[in-house]
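Undergrad: Sequence:
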Amino acid sequence: MKLRVALSIFLLILLSSSSVSAQGRGAGRGRPSTPRPDFGGSDLYAPRLFLSGRVLLEDGSAPSGQAAVQTVCKGRKHTEAYSDSHGNFSFQFGSQSSGNPGTDGHFQDAETSSYDSSSRRNKIGEFSDCEVQVSLAGYVSESIPLASRLSSNQGGDLGVIRIRRMTHAEGFTLSATTAMAPSGARKAYEKGRQHLQREEWEKAESELQKAVEKFPRFAEAWFELGLAFVKTGDAGGARHAWEQSVQADDKFISPYLGLAGMAQHEQRWDELVRLTDHILSLDPVSYPLVWFHQAAANYYLHNFDAAEKSALQGLRIDERHHVGKLEFLLGAILIQKHDYQAASSHIQKYLALATQPDEIDAAKKKLAEIAQLSTIAVPPVPAK
Numbered sequence: 026m027k028l029r030v031a032l033s034i035f036l037l038i039l040l041s042s043s044s045v046s047a048q049g050r051g052a053g054r055g056r057p058s059t060p061r062p063d064f065g066g067s068d069l070y071a072p073r074l075f076l077s078g079r080v081l082l083e084d085g086s087a088p089s090g091q092a093a094v095q096t097v098c099k100g101r102k103h104t105e106a107y108s109d110s111h112g113n114f115s116f117q118f119g120s121q122s123s124g125n126p127g128t129d130g131h132f133q134d135a136e137t138s139s140y141d142s143s144s145r146r147n148k149i150g151e152f153s154d155c156e157v158q159v160s161l162a163g164y165v166s167e168s169i170p171l172a173s174r175l176s177s178n179q180g181g182d183l184g185v186i187r188i189r190r191m192t193h194a195e196g197f198t199l200s201a202t203t204a205m206a207p208s209g210a211r212k213a214y215e216k217g218r219q220h221l222q223r224e225e226w227e228k229a230e231s232e233l234q235k236a237v238e239k240f241p242r243f244a245e246a247w248f249e250l251g252l253a254f255v256k257t258g259d260a261g262g263a264r265h266a267w268e269q270s271v272q273a274d275d276k277f278i279s280p281y282l283g284l285a286g287m288a289q290h291e292q293r294w295d296e297l298v299r300l301t302d303h304i305l306s307l308d309p310v311s312y313p314l315v316w317f318h319q320a321a322a323n324y325y326l327h328n329f330d331a332a333e334k335s336a337l338q339g340l341r342i343d344e345r346h347h348v349g350k351l352e353f354l355l356g357a358i359l360i361q362k363h364d365y366q367a368a369s370s371h372i373q374k375y376l377a378l379a380t381q382p383d384e385i386d387a388a389k390k391k392l393a394e395i396a397q398l399s400t401i402a403v404p405p406v407p408a409k
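Residue numbers (my numbering): 26 to 409.
Watch out, some of these pointers could steer you wrong.
[Claimed, not checked] Taking CB as the label site, the calculated pair distances span:
id	residue 1	residue 2	range
1	Met205	Asp386	50 to 60 angstroms
2	Ile342	Ser77	55 to 65 angstroms
3	Gln272	Asp154	44 to 54 angstroms
4	His265	Ser208	22 to 32 angstroms
5	His265	Met205	17 to 27 angstroms
[Unchecked claim] Calculated cross-link-like contacts (lysine-lysine; reagent style BS3-like; alpha-carbon spacing at most 25 angstroms):
id	residue 1	residue 2
6	Lys239	Lys216
7	Lys212	Lys239
8	Lys276	Lys212
Since the hints were derived computationally from the structure, they do not count as laboratory data. In this text, a Cβ means the ideal position worked out from N, Cα and C, and glycines have one as well.
My request is simple: use the sequences and hints to build the entire structure.
TA: As C-alpha cells, then:
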C-alpha cells in the first residue's frame, strides 16, 4: 500500500513540478539530514468558475497527446484539466475534483494536490495573481492572466494558449511507437486508458495486457500497464512494464520517471542518480523536480559537489520558484561544505517562499542551526 501511494505521488509530481518537505532521513542510517519529499499543500483560490479554451502548437495544430492545463496563483501550480485530441479543454476553477491525475503520463502538480477549504479565496477580484498555462514536457507555454480575461467581458473563454517546442529537448512524453500500433492494439489501449480514468484497475490491466500482446513495442501501453500495476500494489509488475516501455522507446520519458520513483521510494540512491541522469539528458529544462531528486540522491551519497551542481541547475530552470525547496536543499548541502554564509542565504530565500507553518518552522530551525555552527567555526578573538 505504501509503495502504491508513494509511486503514484512520485509520478504525479515528476511530470510537473512540486513542493518538497524539509524533513530528513533518520540519523540511524548514518546519513546527514536533508529535505525529504512532502506532497501535501493547499490551494490558494476558491471561486468556482467555468473556464474553457484551446491548446495549439505554433503551426496551429493541436498537440498529438493530452496537455495539462494549469492555474498558477502566486507561484503555486495546480493542474485543472487536460486537452482533448482537438486541443480543447474546460474546467471548473476551484473545484474539489479538479486536478485529479490523468493516465497518460501527465499529472497534476502535487504542490496543490490536497484540498484545503480554509485557504480558499472568495472574491473574483483576487484573481489578479493567477494565470493559466499549459504543461507538456519539451514545450514552452504562453501564460494567460486570468484577471484580465475575466474583466474584459470575455466570460470564461480563455481563447487559444500556444505552446512551442524546445529545440534542445530530445525526450518526449509521448512515444513514436503509438502511431505504429495496429488498430486492435490501439483499441485495447484506449479501452485500458478509459478503465484507468474510471479507476477500474483490474479491467485496465486486462485491456492493456491485450494491447502489448498484440504489439509488444507499444511503449505507451506498457507505461499505462505499469500505472495499473502500481494501483493494484504489484510493484514487480510495474517495474517489468516500465522496463519493457523503455526497451520499446528509449526516448519516451514517462517510464524512466516511474522507475526513478521506485528507486526514490526504496532509497536506492545510486540507481536514482543514474535514472535522473538519463532523464535530464533527454530533457534538461522541463523537470526542476528531477534536478531536486538528483541533488538529494547525491546528498545522501555524500557527493556534495555533485549535489550542489544539480541543485543549482534546478534553480536556474525553476524561474518561478515552483520547487522552492531547492533553496532549502542547497542550503543543507552548503552546510555540509561548511559554507555557512551561502547556506544561510539560500535558507532565507526558502523562508521567503514558504507558506506553510511546518515549512516556515523548518527554515527557522535550520537558520538557528547555521548560526550555531558559524559560532563554533569561528575561533574566539584572543584577549589582549
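Undergrad: Compare the structure with each hint and give your call.
TA: Hints, one by one, checked against the model:
| no. | hint | verdict |
| --- | --- | --- |
| 1 | Met205 - Asp386: 50 to 60 angstroms | holds (53 angstroms) |
| 2 | Ile342 - Ser77: 55 to 65 angstroms | violated (30 angstroms) |
| 3 | Gln272 - Asp154: 44 to 54 angstroms | holds (45 angstroms) |
| 4 | His265 - Ser208: 22 to 32 angstroms | holds (26 angstroms) |
| 5 | His265 - Met205: 17 to 27 angstroms | holds (22 angstroms) |
| 6 | Lys239 - Lys216 | holds (14 angstroms) |
| 7 | Lys212 - Lys239 | holds (11 angstroms) |
| 8 | Lys276 - Lys212 | holds (24 angstroms) |
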